[in-house]
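Q: Sequence:
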Amino acid sequence: MRSLHIKSIRLITNNPEKIQGLERHGVKVVDRVPLVIDPNPHNVDYLRTKATKSGHLLDEMFDEG
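Counting in the numbering used here, the sequence shown runs from 1 upward without gaps.
A hint or two may mislead.
[To be verified] Mimicking EDC-like on lysine to aspartate or glutamate, the simulated pairs with C-alpha atoms at most 20 Å apart in a straight line are:
hint	residue 1	residue 2
1	Lys50	Glu17
2	Lys28	Glu17
3	Lys7	Glu23
4	Lys50	Asp38
5	Lys18	Asp63
[Stated by the list, open to error] Here are the computed distance ranges between Cβ atoms for each label pair:
hint	residue 1	residue 2	range
6	Arg48	Met1	31 to 39 Å
7	Phe62	Arg10	17 to 25 Å
8	Lys18	Thr52	14 to 22 Å
Calculated from the structure, these hints are not laboratory results. Every residue, glycine too, gets a C-beta built ideally from N, C-alpha and C.
From just these sequences and the hints, can you work out the full model?
A: Here's what the structure looks like:
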């Protein structure tokens with residue numbers, strides 16, 4: 001990114017560590033675009049584990065709205 005002279009980005013991610021890592025390397029994350037999927041019986045436990053143990057930002061997936 002440095003060689004392309006990219007200084008700021010919008011990032012599609014649910015992982016706050018990706019945001020922190022990029023910012024530590026001088027790339028400003030000006031917006032986080034959540035990647036939202038519908039939880040289903042096959043992935044709901046996995047997604048909840050990612051949210052609770054890894055801090056992934058998955059609130060949009062589990063909102064009952």
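Q: Next step is simple, just say for each hint if it's right about the structure.
A: Quick rundown of the hints versus the structure:
1. Note on Lys50 and Glu17: the hinted pairing holds, with a Cα-Cα distance of about 12 Å set against a maximum of 20 Å.
2. As the CA atoms of Lys28 and Glu17 are separated by approximately 14 Å, the hinted pair is consistent with the 20 Å bound.
3. Taken as a hint, the Lys7 and Glu23 pair is honoured in the structure, with Cα atoms around 10 Å apart against an allowance of 20 Å.
4. The hinted pair formed by Lys50 and Asp38 meets the criterion: a straight-line CA distance of about 15 Å does not exceed 20 Å.
5. Straight-line distance between C-alpha atoms of Lys18 and Asp63 comes to about 23 Å, which puts the hinted pair past the 20 Å bound.
6. The hinted range of 31 to 39 Å is satisfied by Arg48 and Met1, whose Cβ atoms lie roughly 32 Å apart.
7. Here the CB-CB span from Phe62 to Arg10 is close to 23 Å, well matched to the stated 17 to 25 Å.
8. Taken as a hint, the range 14 to 22 Å holds for the pair Lys18 and Thr52, whose Cβ atoms sit roughly 18 Å apart.
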